[in-house]
Amino acid sequence: MKALQIEFIKLFRPSTYVILAILLLVVFIRGEFGMHLVSPDLTGMLKSTDAGMADMIGFIFSIFVIMNIGQEYTENTLRRSIIEGYTRGKFFIGKLLLVIVAAVLLLLVQKLIFLALAASAGYTKEAFDCLTVSGAVYSLIRTILYALLGFFLIFLTRSVAISIIISFVWTSVEGLLSIYLKFKYPGSDWGSYLPFSSLAQILATDGTIAFQFVFIALGYQVALVAGSYGLLATRDIK
Amino acid sequence: MDAVIQVNGLSKLFGGVAAVNNISFTVNKGQVFGLLGPNGSGKTTTLSMILTLLKPSSGTITLFGSHDLLAGLKRTGVLLESANYYPELSARNNMLISCKIKNVDSSKIEPALKQVDLWNDAGKKIKNFSLGMKQRLSVASALLSDPELLIFDEPTNGLDPHGIADTRQIIKDLSAQGKTILIASHLLNEMEKVCTHIALLKNGNIIDSGELQLLIKGYESLEDYFLRKTRKQS
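As you go down the protein sequences, you meet chains R and B in turn.
Just so you know, we're using the numbering used here here: the first sequence kicks off at 1 and counts up by one.
Just so you know, we're using the numbering used here here: the second sequence kicks off at 239 and counts up by one.
Source of the hints: derived by calculation from the structure; they are not laboratory data.
Since no wrong hints were added, every one of them can be taken at face value.
List of simulated lysine-lysine pairs, DSS-like, C-alpha gap at most 27 Å:
no., chain 1, residue 1, chain 2, residue 2
1, R, 2, B, 363
2, B, 440, R, 238
3, R, 90, B, 363
4, R, 2, B, 362
5, R, 90, B, 312
6, B, 338, B, 365
7, B, 365, R, 238
8, B, 293, R, 238
9, R, 90, B, 346
10, B, 346, B, 410
11, B, 340, B, 410
12, B, 362, B, 346
13, B, 410, B, 352
14, R, 2, B, 312
15, B, 346, R, 2
16, R, 90, B, 293
17, R, 90, B, 340
18, B, 410, B, 431
19, B, 312, R, 238
20, R, 238, B, 338
21, B, 440, B, 467
22, R, 2, B, 365
23, R, 238, B, 340
24, R, 238, B, 363
25, B, 410, B, 267
26, B, 338, B, 362
27, B, 267, B, 455
28, B, 340, B, 293
29, B, 338, R, 90
30, B, 340, R, 2
Note that the structure is predicted; figures quoted are calculated from it, not measured.
Isolated chain B (complex conformation) (with noise of 0.2 Å):
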């Protein structure tokens, strides 16, 4: 299998504090791999430094077989629990830098915005769309340069039931083309429908990581796994 993310003995420390102790995982191409854990359990710290905000305190990450993560997050697309646009500016402009910064002929904003229903609202200010709206825009965004890997954080929070079916079925569809998905959440039932593997993080530490169906085997569910592996942990 080829390996698309290879995090190897990653540790983050905030002030002493460990806030992802030595974790190792590996995801390979075309998986939906789910990092699984309660609030505080260091999903979001493992991605972002992933995405090269945070500097690892120890260990290492390879995107594509690579060090350099900058290079591999250009063939990447992220979707983000907030979107981060500029307000003032309208969804076009928006687009239009990312086109920018990805390389990507400004041509694709079109087909993007259309694809998620906002060519109309394309010169419409960011700040005057709803957050389901700005969830699109971010789908849009993240698609815009065909990227062979896809990182989602929260994709569903915050979203009506619509929006999260919506945002299911993208993720699905992704998943069928091959595209490999890393995706961090604590919404069980979402994470079941569409992952093939997961880690479970607890502490900022990895409490079991695989193949999800083997994992569950044995339990109601997802969250029936998920429940009685963290309490026993405690």
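This is chain R alone, in the form it adopts within the complex (with noise of 0.2 Å):
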């Protein structure tokens, strides 16, 4: 817990709130577009808005992500906590903590502007049906993936600019590589196991979870943790 109070500690700072704000006013902006659309199915419109407001959480967590542990590095801050006797595991676990504590405040925050958007439009009651488990869980492991990217490649890179032009196209080349197995192997469906492709077959259209995939993604999430930290525990630190 001492390492999560460190991190909070370490949030008070501008660009945290920056960052923050530019992020519910895109979740808010993709929100309100969305409960404007005219649609003959006001379910599946209200599943695809609360969907897409989650799914810009993903993105620009991984941003915030990112930013937050190069400044540690631009700023030598990292270099200062190890000298005062804090270890690499201590500053590992602070931050995973920090992410996952984040991603879910972030998540209900989502809903909360879901529910209000949906209220203010007349849609209450449908807008609390759409709201499952299953999709919450979906959303979560969404925007955690996202995170542990943007961890990765911070821990790999320790460079802000590069780790952010990756993440911003991994989904594509994501997109290309699935396109490009389908070609190579035709009839298999390598491209569905590729990170964010295995997400999008988690949550079927009936609300049920396929745990199959669940399980690919949770082990993308290891893999990710467990290379971030190799990378941590076994570089030197300039």
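Build the complex from these two chains, which are given one at a time in their own frames, with help from the hints.
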């Protein structure tokens, strides 16, 4: 818990609030836009709006993670923490806990914004019906996967700019790779096992969860956490 | 004598080039030990390995007789050439982070900041601090846990004459309290005023070490000794 307390103290800086404000604004705009789409399928429209808002959180949150850890390198504060006797392991756990707690809180806020926007459009009951446990689990797994990708990239490159660029193009590269795999191995479905493609398979249209893909997504998350820690623990800090 | 720091056969290679080459030295309790050498001689690399920032290519380090350097660092105060604080956070919050890391009660922040005359600036962001203020904050942070060992890397670099005199006095006061101090510097006049023992580094090798007064016997000053020794080696 001490590691998490330290991370919360570090959040008292303007850049945190700027990113948070941008994040909530984008989510709000996406939600407001979604609520005013004309669709014969009201439930489908609301579900799509909710999922779209959660996706925005995942992507912008990964940028927050990259900046949060990147600043520890650029401001040499990671160096300072280590020489004061903070272990790399505790530093890592602090960041990981922050990611998980922040992801849960942000998704709660997103759901509240979704409900508020739906209520203002007169869809209160339908919006409540759209919010399911399986949907919330899916959003959480997706947001944490985005964040852990940011985690891995910043520990790998130690550069905020390069990490953000790679995370920007990642989903496009994955899409191209998926197409390539379809051509290379006709009839197979290897593309759906890629990180974000496998996520898309988790939630079936009837709202049930495909546990096979949940395990795949969790496997990617474990691999990203292990890889990130390996990079932090074994490399010199100059 | 109790060995506080023991370095044995320590080397660090960067891309096959030795920045530190098989050095050994011991810092005993109560000594003010200076690591002297020109720029690029391996002083900061050696300190970085003691501080666990760099992993040695070979050799061993013990702090307080143990290979668990992280445990030793909790009993150590460190003052680096560049003070690395969270610039957007206040001095108080930066100190609070140090307290949490070192398991020190936060009630020690106020006396520590008062000691270095920064209590009135406790709420100010670090980015608005002058270099001298940052250095004083580093001293306060280094002394938070009443450490038995202090490690200073170029502690007077960039300071004005008042700052240099203040830092010198702090080192002398700490030494008088029986603290063990390891300092890396190339400022010979300052080192001559505070050190009891030195090791002279050049190109990653220790070319001489021992008690300061014995080493400079027969030389005009530490500077004279340093120049003659390092020129002879080249």
